Amino acid sequence: MSNPLSIYNSLSRQKEVFEPLHPPFAGMYVCGPTVYSNAHLGHARPAITFDLLFRYLTHLGYQVRYVRNITDVGHLENDADEGEDKIVKTARLQNLEPMEVVQKYMNTFHRNMDQLNTLKPSIEPRASGHIIEQQELVRQLLRKGFAYEINGSVYFDVEKYNRKYKYGKLSGRILEDLMANTRELEGQDEKRNPFDFALWKKAAPGHLMKWPSDWSDGYPGWHLECSAMSIKYLGEVFDIHGGGMDLQFPHHECEIAQSTAALGKESVRYWVHNNMITINGQKMARSLGNFITLDQIFRGDHPLLEQAFSPMTVRFFILQAHYRSTLDFSNEALIAAGKGYQRLMKAVETLGNLKPSAASTVDIEDLSEKCALAMNDDLNTPILISHLFDGVKIINSVNDGTEKIDDKGIEALRKLFDDYVFKILGLRDETQDSKTDDLAEELMKIIIDLRGEARTRKDFTTSDRIRDELKKAGVTIKDTKDGVKWERG
RNA sequence: GGUCGGUUGGCCGAGUGGCUAGGCAUCGGUCUGCAAAACCGGGUACGGCGGUUCGAAUCCGCCACCGACCUCCA
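Using our numbering, the first residue of the first sequence is number 841, and each one after it goes up by one.
Be aware that one or more of the hints could be misleading.
Calculated cross-link-like contacts (lysine to any residue; reagent style SDA-like; alpha-carbon spacing at most 20 Å) [what the hints assert, rightly or not]: (1) 984 x 1036; (2) 1255 x 1239; (3) 1210 x 1148; (4) 1255 x 1189; (5) 1312 x 1286; (6) 1186 x 1270; (7) 1311 x 1328; (8) 926 x 1128.
Pair by pair, the computed Cβ-Cβ distance ranges are [said to hold, decoys possible]: (9) 852 x 1019: 42 to 48 Å; (10) 936 x 1314: 39 to 45 Å; (11) 1006 x 1329: 52 to 58 Å; (12) 1230 x 852: 17 to 23 Å; (13) 856 x 1089: 43 to 49 Å.
In case anyone wonders, no lab produced these hints; they're calculated from the structure. Keep in mind that this is a model prediction, so the values were computed, not measured. C-beta: ideal position from N, C-alpha, C; glycine also.
My request is simple: use the sequences and hints to build the entire structure.
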């Protein structure tokens, strides 16, 4: 690794060289979804961003343990006692068991993630399966005096924590400012301070998801599962914690407070946050109601969609922006991404058939170095992709005969594309999916032969009619110097 | 109101002091019976106003606009 990977650490607000605690191992924890409704485009961003990081760390030779949780306990609807657990709420609305809701949307999430070609995490722990660990963490915090129990609920004492450690370091918040700005909530007198947060909540009568504990029949607080499960599977101190920028405060800030208070030390070494996908300049979120689910995108089944977009188009679209920038959704942008992706895939196909020359006029080694530099610079995939398109130009030029490449060059170029396009960017050639149809192949051969005969007769009326009709049916004919080719679309 | 980030060509989106980002769209050319694809070439840009500098999209200041977080959120 001549030039090391640098990654932006939200904690220090700068790029830092990535050096894992225990090389060659690297640990990464990423906040997964709360499964109470269908995954939308916004969920694709962290999934793909951290899939990219997972893939790249693996490519660099690290043995990565990638933990991504499933939140299946639900959070309160709002910061009031009468707030309702979102999973419970959905369960009641759909007349389902809470765990039925969880299962249903978890299944959809997994299917969508497979469609987007994200690798499965090494461990995918569920909050409901780690109630004991969470309770143990609560006890630890009580023992150390950073938590207090009242009416069967346990809260984290932020003010006390702030006196010993500094609360707000990740999000740049200052406790005094928070105190000044937090509005008073009626009937919220359980907490000593409004910014204290629940570690354990006593369940209201009739509440469906609850577990026995030292304090009450209840359920764990909003931020506890990530602390408990990351410590369990990655250790008290681990390398990377990822998630969406919107989780920075309060979720990750509270995680830091809990873990630090319980362990007496910082747990996370690199905090990595992806930015949001916006729509008309505004964050796409379930709570804002401006979201498009992944299934809707794949099917083209949403009023804002002019057409369907394939999973790889979505993946490419996301990778064409840097993960820390906002990315604005529009049909135009998706269409452009889809075409760019197609062009990349066609070049990969061409690369497979390239003929070597004795000498080479192109420099693959230089290209390869540029690609590595781009990735090492905080996973700069837009730059990487721009270099890959330089590769596309090389491939097509060699194919056209305007450039030449030798055996070694072809081998290097194939390795480069295999590594970066497929292994690291995690793209899949879905243009091949439709070409495995034997019957279509046979039929097309017959049609192309007939059209060829017409062309030999110079009967262009007939040959053009065949081409036009096929175009209408979604098949494009191309008369190349290597013979007639066809493709869908 | 507080904290943080952004404003780049027709669209998306990189870049951080001088050196073509890239994709899509568009225009011209080559190739082709014509297309398509590919290749070659062209045009269009850095929110506004000042300042620093030999030189700024890039640094500094002010202003305008947009957004994120401050309540669950990827």
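Structure-based check of all given hints:
At most 20 Å may separate the alpha-carbon atoms for a hinted pair to count; residue 984 and residue 1036 meet this at roughly 16 Å. For the proposed pair residue 1255 and residue 1239, the alpha carbon gap of about 18 Å is at most 20 Å, so the pair holds. Of the pairs offered as hints, the one joining residue 1210 and residue 1148 is violated, with about 34 Å between alpha carbons and a cut-off of 20 Å exceeded. Among the hinted pairs, residue 1255 with residue 1189 is consistent with the structure: their alpha-carbon atoms are about 14 Å apart, no more than 20 Å.
Taking the CA atoms of residue 1312 and residue 1286, the gap is about 18 Å. The hint holds against a cut of 20 Å. Under the criterion of a C-alpha separation no larger than 20 Å, the hint pairing residue 1186 with residue 1270 is consistent with the structure, at around 11 Å. The straight-line distance between the Cα atoms of residue 1311 and residue 1328 is roughly 9 Å, inside the 20 Å bound, and the hint therefore holds. A threshold of 20 Å between alpha carbons decides the hint, and for residue 926 with residue 1128 the separation of about 15 Å falls inside it, so the pair holds.
Checked against the hint of 42 to 48 Å, the C-beta distance between residue 852 and residue 1019 comes to roughly 26 Å, which is inconsistent with it. A C-beta distance of roughly 40 Å is found between residue 936 and residue 1314, which places it inside the suggested range of 39 to 45 Å. Residue 1006 and residue 1329 have their C-beta atoms about 56 Å apart, which keeps the hinted 52 to 58 Å range intact. Evaluation of the 17 to 23 Å hint for residue 1230 and residue 852 yields a failure: the beta carbon distance comes to about 33 Å.
For residue 856 and residue 1089, the hinted distance range of 43 to 49 Å is not satisfied, since their beta carbons lie about 21 Å from each other.
Hint check: violations occur at hints 3, 9, 12, 13; the rest are consistent with the structure.
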